Amino acid sequence: MTAPTIRVQSADFDLQTEMSALTAGRKNIGAVVTFTGLCRDEQGALSALELEHYPGMAEAEMLRIGELAIERFSLLGLTAIHRYGKIMPGENIVLVIATAPHRQTAFDGANFVMDFLKTSAPFWKKEHAADGAEGDWIAAKDADDTARDKWR
Amino acid sequence: MTVKLVYFAWVRERIGKSEEDLDLPADVVTVNDLLAHLTTLGEEYENALQFPDVIRVAINQEHAEHDEPIAGAREIGIFPPMTGG
Chain F
1 MTAPTIRVQS ADFDLQTEMS ALTAGRKNIG AVVTFTGLCR DEQGALSALE
51 LEHYPGMAEA EMLRIGELAI ERFSLLGLTA IHRYGKIMPG ENIVLVIATA
101 PHRQTAFDGA NFVMDFLKTS APFWKKEHAA DGAEGDWIAA KDADDTARDK
151 WR
Chain D
153 MTVKLVYFAW VRERIGKSEE DLDLPADVVT VNDLLAHLTT LGEEYENALQ
203 FPDVIRVAIN QEHAEHDEPI AGAREIGIFP PMTGG
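As given, the protein sequences belong to chains F and D, one line each in that order.
Under our numbering, the first sequence has 59 at position 59, and the numbering climbs by one with no breaks.
Convert by adding 152 to the 1-based position in the second sequence; the result is the number in our numbering.
This is chain D alone, in the form it adopts within the complex:
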């Protein structure tokens, strides 16, 4: 499955890019699996995602829990807790 990943704020800065298209292995089923998979892609990903509990994820621009499946996702956003308002 190929999915577009978009990164924001310090997640974007640490990974060093704002978006990428990624081909995911079949055993990446949930958001948790995705975050674990990304940390294997290099030091910059490890640095950005070393505390997965604080990372927020959106599937197709809607907030998603970490145990949610990512099947059908076209775009997955990965970012820190929000600080707007």
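Next comes chain F alone, as it looks inside the complex:
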């Protein structure tokens, strides 16, 4: 079975580079779904997000999620990259790429990984306000738990 590519890093990532790494030289892939999560400025209220993570467990949990997705949706490849540290509005936070023979499993695989990343991978977001003041920790949303539970 394919092993997922998992990375937790402060540096930015490049979508085209990551996608090429999954597809180069392969002739059995019929579908590539990519999801990129970006930092919003919340109508100008936010100057940055601070992403904290649990080193070691973040990678381990993303690997567990990735392996589940590959098995469940028979994916041909999967990459998940999550950034940490201070991230400005407009910058990338997270990347998920799923490849499969057909589109539905690629869509479902990427969707599954994102739903579990949001609720199970140990990352926490803190807001920095536009006036420079350190803001609050973002609260977890019930809607994210509901989105995850639909995969049960």
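No wet-lab data here; the hints were simulated from the structure.
Please read all numbers here as calculations on a predicted model, not as lab measurements.
Mixed in with the good hints there might be a few duds.
Here are the computed lysine-lysine pairs in the BS3-like style, where the Cα-Cα straight-line distance is at most 27 Å [unchecked claim]: (1) F:Lys86 / D:Lys169; (2) F:Lys141 / F:Lys125; (3) F:Lys141 / F:Lys86; (4) D:Lys156 / D:Lys169; (5) F:Lys126 / F:Lys86; (6) F:Lys126 / D:Lys156; (7) D:Lys169 / F:Lys126; (8) D:Lys156 / F:Lys125; (9) D:Lys169 / F:Lys27; (10) F:Lys125 / F:Lys86; (11) F:Lys125 / F:Lys150.
Among the chain F residues that face chain D by a calculated CB cut under 8 Å, a handful are [as the list claims (entries may be wrong)]: (12) Ala48; (13) Glu52; (14) Gly56; (15) Thr119.
Here are some chain F residues the structure puts well away from chain D; computed CB gaps all over 10 Å [unchecked claim]: (16) Ser47; (17) Met88; (18) Lys125; (19) Gly132.
Beta carbons: idealized from backbone N, C-alpha and C, even for Gly.
Based on the hints, put chain D in the right spot on chain F.
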């Protein structure tokens, strides 16, 4: 039993440290027991853990339920619900 505790996000901020090695009494058997024990260690712990239902715990870097035993744990992570992605 001595275990390494690691704290994240507002749990870390309220307790005022990111990690510590703690010697646990023998009657601390489950995650629930651990959370209850920690609240006896001071106001900052009480403040961080006053609503144990929302607190998430990982044993040796894997998510754990609150009724799970902590025997064999080398590292226990204590943190709020996750908000990544």
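Straight-line alpha-carbon gap lysine 156 (chain D) to lysine 125 (chain F), limit 27 Å: holds (24 Å)
Pair hint outcome, lysine 141 (chain F) versus lysine 125 (chain F) [Cα-Cα no greater than 27 Å]: The hint holds at about 13 Å.
Assertion that methionine 88 (chain F) lies farther than 10 Å from chain D (Cβ): holds (17 Å)
Given pair status - lysine 86 (chain F), lysine 125 (chain F), alpha carbons within 27 Å: holds (10 Å)
Straight-line alpha-carbon gap lysine 86 (chain F) to lysine 169 (chain D), limit 27 Å: holds (20 Å)
Minimum Cβ distance from glycine 132 (chain F) to chain D greater than 10 Å, as the annotation requires: Given a closest Cβ separation of 19 Å, the condition holds.
Interface hint compliance - glutamate 52 (chain F) to chain D, C-beta minimum distance less than 8 Å: This hint holds: glutamate 52 (chain F) lies near chain D, its Cβ roughly 6 Å from the closest one there, short of 8 Å.
Proposed interface contact between alanine 48 (chain F) and chain D, which counts if any beta carbon pair is under 8 Å: violated (15 Å)
Pair hint lysine 156 (chain D) and lysine 169 (chain D), alpha-carbon separation not exceeding 27 Å: holds (12 Å)
Pairwise hint evaluation, lysine 156 (chain D) against lysine 126 (chain F), where the allowed Cα distance is 27 Å at most: holds (25 Å)
Pairwise hint evaluation, lysine 27 (chain F) against lysine 169 (chain D), where the allowed Cα distance is 27 Å at most: Given pair lysine 169 (chain D), lysine 27 (chain F) is violated - Cα atoms ~52 Å apart, limit 27 Å.
Satisfaction of hint between lysine 86 (chain F) and lysine 141 (chain F), Cα-Cα up to 27 Å: holds (22 Å)
Violated hints, in rising order: 9, 12, 18; the structure is consistent with all others.
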